[in-house]
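Chemist: Sequence:
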Amino acid sequence: LVGEALAEHRGQDEQDFAEVRVELPINAHIPHEYVPQERLRLAAYKSLADATTDAGVDEVAVELTDRFGPLPDPVAALLAVARFRALARAVGLTEVVVQGPKVRFHPVELPESVQMRLERLYPGTLVRGAVRTIVVPRPMTALMGGQPVRDTALLDWAAELINTVLPKP
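In our numbering, the protein residues as written are 821 to 989.
I should point out that these hints are in silico values taken from the structure, not numbers from a laboratory.
List time: in silico SDA-like cross-link candidates among lysine to any residue, alpha-carbon distance up to 25 Å:
#1 Lys922 <-> Glu939
#2 Lys866 <-> Ala906
#3 Lys866 <-> Gly876
#4 Lys922 <-> Leu963
#5 Lys988 <-> Glu843
#6 Lys922 <-> Val934
#7 Lys922 <-> Glu843
#8 Lys922 <-> Gly966
#9 Lys988 <-> Pro959
#10 Lys922 <-> Val840
#11 Lys988 <-> Leu941
#12 Lys922 <-> Ala900
#13 Lys922 <-> Val911
Please read all numbers here as calculations on a predicted model, not as lab measurements.
Using the sequences provided together with the hints, build the complete structure.
Modeler: Now the structure itself:
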């Protein structure tokens with residue numbers, strides 16, 4: 821409720837302010853070695869959480885680079901997660917979560933033609949219309965004996981799925 825009140829005060833609607841929960845196995849954080857002071861690290865995390873567009877994430881990236889030097893891989897991954905969160909928010913998603921061997925996207929409402937396309941492009945996908953959720957098998961590094969894709973490769977795959985299948989508002 822406080823978040824909604826702040827959004828209303830800022831002139832944003834509730835949809836723009838909706839929090840997007842992304843739970844994917846990605847090594848994304850700000851290392852102590854990169855930003856040694858906890859207060860500054862927390863401020864950087866807050867700035868990223870407040871960034872709702874790619875341009876906002878880019879501003880945070882420029883600020884971090886200016887203040888602390890070149891971005892280490894975990895910080896670059898954190899910026900990629902923030903960009904992904906902005907993409908998910910733009911199409912109305914509030915959750916992208918790994919559930920065992922699958923990835924759940926919620927809420928999703930797709931016309932039947934798009935559901936068929938989704939199932940053709942991503943075999944094994946479950947469309948649960950009653951709960952407005954799609955559950956897609958997580959990609960593997962190889963067809964036989966491969967490991968589940970992780971880190972930014974999984975993030976790229978999820979972004980590709982969103983861009984390919986989900987309707988833009």
